[in-house]
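A.B. asks: Sequence:
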Amino acid sequence: MLDAYTANVARRPVLKIGHADPVNDGAPSFGWIENLALTEGGTCLVGDLAGVPQWLAAAMPTAYPSRSIEAVAGYVDADGTTWPWVLDGLALLGATTPAMGNLDEIRELVTASRTRTTARRVAAARARRRRRAHHQ
Numbered sequence: 001m002l003d004a005y006t007a008n009v010a011r012r013p014v015l016k017i018g019h020a021d022p023v024n025d026g027a028p029s030f031g032w033i034e035n036l037a038l039t040e041g042g043t044c045l046v047g048d049l050a051g052v053p054q055w056l057a058a059a060m061p062t063a064y065p066s067r068s069i070e071a072v073a074g075y076v077d078a079d080g081t082t083w084p085w086v087l088d089g090l091a092l093l094g095a096t097t098p099a100m101g102n103l104d105e106i107r108e109l110v111t112a113s114r115t116r117t118t119a120r121r122v123a124a125a126r127a128r129r130r131r132r133a134h135h136q
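My numbering puts the last residue of the sequence shown at 136; the count rises by one with no breaks.
Please note that the accuracy of each hint is not assured.
Cβ-Cβ distance ranges computed for the label pairs, FRET-style [stated by the list, open to error]:
| hint | residue 1 | residue 2 | range |
| --- | --- | --- | --- |
| 1 | Thr-43 | Glu-70 | 16 to 22 Å |
| 2 | Val-76 | Gln-54 | 34 to 40 Å |
| 3 | Gly-42 | Ser-66 | 19 to 25 Å |
| 4 | Pro-65 | Thr-39 | 17 to 23 Å |
| 5 | Ala-58 | Ala-95 | 15 to 21 Å |
Derived from the structure by calculation, the hints contain no laboratory data.
Where a beta carbon is used, it is the ideal one built from N, C-alpha and C, also for glycine.
Assemble the whole structure, with the sequences as input and the hints as a guide.
C.D. replies: Okay, structure coming up:
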């Protein structure tokens with residue numbers, strides 16, 4: 001994802017409230033991500049949020065405490081290069097916890113077969129995140 005971001009293969013990732021419903025293509029963007037980088041041994045993406053309205057920035061710590069990426073798998077750019085993952089957006093989550101905790105969980109999902117095992121892993125990851133959030 002970082003390589004694709006650095007190469008500017010797609011639009012800059014936008015900030016949105018909640019995950020987009022496939023039919024809701026008219027939802028506004030509330031800013032974008034700049035200065036994307038990897039931390040924690042390459043398992044966590046971090047970046048700066050820019051263009052965020054002041055009212056939303058003030059509400060984010062309490063109303064939207066969690067973040068969840070939206071990415072496109074197998075993105076083919078204008079030159080025909082296929083990028084494994086391209087970051088498309090960052091969803092601000094309120095009551096919902098992210099299904100994936102870090103990039104390692106995404107890598108595991110990609111390498112797993114696309115059967116019921118994958119669905120179980122996603123459910124297990126979501127359950128782990130909820131347990132962690134509950135015990136903090």
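A.B. asks: A separate judgement is required for each hint: does it hold in the structure or not?
C.D. replies: Now the hints, each set against the structure:
For the pair Thr-43 and Glu-70, the beta carbons lie near 18 Å from each other, so the given range of 16 to 22 Å is met. Between Val-76 and Gln-54 the Cβ separation comes to about 38 Å, which falls inside the hinted range of 34 to 40 Å. At about 21 Å, the CB distance of Gly-42 to Ser-66 agrees with the hint of 19 to 25 Å. Remark: the range hint 17 to 23 Å for Pro-65 to Thr-39 is upheld by a beta-carbon distance near 19 Å.
Look at Ala-58 against Ala-95: about 19 Å separates their beta carbons, and that is inside 15 to 21 Å.
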